[in-house]
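Asks: In the order they appear, the protein sequences are chains A and B.
For the record, in the first sequence the residue sitting at position 61 is 1449 according to this note's numbering, with numbers rising by one throughout.
For the record, in the second sequence the residue sitting at position 150 is 173 according to this note's numbering, with numbers rising by one throughout.
Mixed in with the good hints there might be a few duds.
For lysine-lysine, the following DSSO-like pairs were computed, each having C-alpha atoms within a straight-line distance of at most 27 Å [said to hold, decoys possible]:
id: 1; chain 1: B; residue 1: 216; chain 2: B; residue 2: 150
id: 2; chain 1: B; residue 1: 188; chain 2: A; residue 2: 1627
id: 3; chain 1: A; residue 1: 1627; chain 2: B; residue 2: 216
id: 4; chain 1: B; residue 1: 154; chain 2: B; residue 2: 143
id: 5; chain 1: B; residue 1: 143; chain 2: A; residue 2: 1627
id: 6; chain 1: B; residue 1: 216; chain 2: B; residue 2: 188
id: 7; chain 1: B; residue 1: 188; chain 2: B; residue 2: 78
id: 8; chain 1: B; residue 1: 78; chain 2: B; residue 2: 150
id: 9; chain 1: B; residue 1: 31; chain 2: B; residue 2: 188
id: 10; chain 1: B; residue 1: 188; chain 2: B; residue 2: 150
id: 11; chain 1: A; residue 1: 1627; chain 2: B; residue 2: 150
id: 12; chain 1: B; residue 1: 78; chain 2: B; residue 2: 143
Think of the hints as simulated: they come from the structure by calculation, not from any bench.
Values in this document were obtained by computation on a predicted structure and should not be read as measured data.
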Amino acid sequence: MTDVIPDALKDERIKPVSPLRRALIRPELGGICGTILVFLLFAVIAGDSGMFAAEGVMNWTVVSAQFMVIAVGACLLMIAGEFDLSTGSMIGFSGVMIAILSVHIGVPLWLAIIATFVFCILLGGVNGWLVIRTGLPSFIVTLAFLYILRGLTIWGSIYFTRQTIIGGVAEKAATDWLAPIFGGKVLGWLFTWMGEAGWIATFTRGNRAGQPVIDGIPMLVVWAIVLVIFGHWLLTRTKFGNWIFAAGGDALAARYVGVPVNRVKILMFMFSAFCACVFATCQVMEFGSAAADRGLLKEFEAIICVVIGGALLTGGYGSVIGAALGAIIFGVVQQGLFFANAESSLFRVFLGLILLTAVIMNTYIRRIITGER
Amino acid sequence: MAAIVEMKDITKHFGHVIALAGVSFDIRAGECHCLLGDNGAGKSTFIKIMSGVYKPSGGEVLVEGTPTLFQSPRDAMTAGIATVYQDLAMIPLMSVSRNFWMGREPERGVWPFRTFDTAKADDITVKEMRKMGISLRGPDQAVGTLSGGERQTVAIARAVYFGAKVLILDEPTSALGVRQTANVLSTIDRVRKQGIGVVFITHNVRHALAVGDRFTVLNRGQTLGTAERGTVDAAALQDMMAGGQELALLESSLGGTI
Chain A
1389 MTDVIPDALK DERIKPVSPL RRALIRPELG GICGTILVFL LFAVIAGDSG
1439 MFAAEGVMNW TVVSAQFMVI AVGACLLMIA GEFDLSTGSM IGFSGVMIAI
1489 LSVHIGVPLW LAIIATFVFC ILLGGVNGWL VIRTGLPSFI VTLAFLYILR
1539 GLTIWGSIYF TRQTIIGGVA EKAATDWLAP IFGGKVLGWL FTWMGEAGWI
1589 ATFTRGNRAG QPVIDGIPML VVWAIVLVIF GHWLLTRTKF GNWIFAAGGD
1639 ALAARYVGVP VNRVKILMFM FSAFCACVFA TCQVMEFGSA AADRGLLKEF
1689 EAIICVVIGG ALLTGGYGSV IGAALGAIIF GVVQQGLFFA NAESSLFRVF
1739 LGLILLTAVI MNTYIRRIIT GER
Chain B
24 MAAIVEMKDI TKHFGHVIAL AGVSFDIRAG ECHCLLGDNG AGKSTFIKIM
74 SGVYKPSGGE VLVEGTPTLF QSPRDAMTAG IATVYQDLAM IPLMSVSRNF
124 WMGREPERGV WPFRTFDTAK ADDITVKEMR KMGISLRGPD QAVGTLSGGE
174 RQTVAIARAV YFGAKVLILD EPTSALGVRQ TANVLSTIDR VRKQGIGVVF
224 ITHNVRHALA VGDRFTVLNR GQTLGTAERG TVDAAALQDM MAGGQELALL
274 ESSLGGTI
């Protein structure tokens, strides 16, 4: 952009900025480097384990997509300056709510799904409203909801069904029109064709002999991609996106120039709840059951993805693409260690190290942007 | 000349505390009206009423002669009253362009695909900043990299661009060095010449005298009247701000250096 300013107007005291430094202040940079790094790493240590064959790719893609769905919500909320620690409990809650409504109360599945979405988005709104109204940190308010929702989930599940795992959703889903939006698979024909062409492996035995090992892309992956594109577009290309940055950057300054900060924050809490519901619904459709302990620790995993993706914990800065890359790193590392036959507990060590590196780098980057020394 | 905004006998109570006990003030087009006062004199409360953040407990706000009650800062902004706060003017992590348009982003396209028109926003930002004498590395330069004086200038340029008739500057020079202060004062002069009324809040008498046309002093929630340029000197203003006596005593011991 330097070329738009004629030489006469250039300030001799402004040092020219090197392209490297310019690239450094992009929030996605850490995510891009990290992604390349983990792919290289696992290509070396697990390259011959089938991790990069069709089945393996689908395996870590689905795991990454799960992280991506909740990371998008957490990312926009964090940039708006708030946290949602109730995401994990919300996942358990909405899954169980769908199962109880459809299997035990007999509501049609599509209506159960819609009712759950509406109710959970409202709960997200309550979270936001409480944060705004009380002026308390969202950390505390949503921590309360982490316990409230998890408790209600377990209680409701036992009260209605006397167990904490509720099955029978698969039968309902078979004839439902809305269920395939969350539990279906797309592009099956493409994989059949690829299988016939010999590009991907096919089953050699059993009643599915001749069919490709992958029968389509799960809707969860589609949801993840759609949410990332939507989130990125909203944040960087729209007026509302500018308001999200402003609300998180400095709520008071934003309010003084007429940005509806409260509305922005509450809407982002609702969006975070929506993302948790998408995650839960896809999972319930995939397993055909709901369980009261689903989504445990997901809130922290979402936040880790967002931070690896370059967002600042204090708000006002970050990127949805970065968060998506963070989700890919997370998914690839988790599944890659499994493919590499590494001790699975090492995953956490690895994760902690990545997180620490990311946060240190982000702090450094923020200093560059704000010109602090 | 008629006043653009007139504040008549404004009072404001916070519980038992009387923050303002009947303050009158007006601002005309093309003048710089300085509002002076020590810390706690009620300057901030007063301008927050003027800019719609607080509602007055009593008194009247007239905008171009019509009694008006602002429900929000947005109302005041619509009426042409823009406020530049000392430290809350800008968001450091956001680019100059995003800051400049914050809350009033230009859009293009059709709903629901309406987008923030960044090309237009960047173009206008660079032009307006150049008018104010600041050359940017680019419109995407973060505000955090600008100096304090430049940040104030961005905020002033923003207010002027969006058609402010009255510009309230809350202690714009209090955290600045000598050279940056000079820049801000010359910006005030430039803005005044465009026919905008500038309300300049400060507790620095010298800064006030440098650009002010009229001076109103607040002391403990009350006004001690408004003085025209040329009828008061620094010592008199200083005296009124401090409520006389004590400071005179202090000043003699310091040898007249404050």
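Asks: Under the criterion that the straight-line Cα-Cα distance not exceed 27 Å, is the pair residue 188 of chain B, residue 150 of chain B satisfied?
Replies: 21 Å, holds
Asks: So if I understand the rule, the pair passes when the alpha-carbon distance is 27 Å or less; does residue 1627 of chain A with residue 150 of chain B pass?
Replies: Distance of about 21 Å is within 27 Å: holds.
Asks: Between residue 216 of chain B and residue 188 of chain B, does the CA-CA distance stay at or below 27 Å?
Replies: Holds, at roughly 12 Å.
Asks: Are residue 154 of chain B and residue 143 of chain B close enough, with their CA atoms no more than 27 Å apart?
Replies: 17 Å, holds
Asks: Hint check: residue 216 of chain B vs residue 150 of chain B, CA-CA at most 27 Å. Holds or violated?
Replies: 19 Å, holds
Asks: Would the pair residue 188 of chain B and residue 1627 of chain A pass a check requiring their Cα atoms to be no farther apart than 27 Å?
Replies: Answer holds: residue 188 of chain B to residue 1627 of chain A is near 25 Å, not above 27 Å.
Asks: For the pair we were handed, residue 31 of chain B and residue 188 of chain B, check the Cα-Cα distance against 27 Å.
Replies: The hint holds at about 19 Å.
Asks: Decide if the proposed pair is consistent with the structure: residue 78 of chain B and residue 143 of chain B, CA atoms, cutoff 27 Å inclusive.
Replies: 36 Å, violated
Asks: Take a quick look at whether residue 188 of chain B and residue 78 of chain B sit within 27 Å of each other, Cα to Cα.
Replies: Holds. Residue 188 of chain B to residue 78 of chain B sits at ~21 Å (cutoff 27 Å).
Asks: Holds or violated: residue 78 of chain B and residue 150 of chain B, Cα atoms, limit 27 Å.
Replies: 37 Å, violated
Asks: Taking 27 Å as the top limit, are the C-alpha atoms of residue 143 of chain B and residue 1627 of chain A close enough?
Replies: 13 Å, holds
Asks: Are the Cα positions of residue 1627 of chain A and residue 216 of chain B separated by 27 Å at most?
Replies: Answer violated: residue 1627 of chain A to residue 216 of chain B is near 33 Å, above 27 Å.
Consistency with the previously given hints fails for numbers 3, 8 and 12, ordered from lowest to highest.
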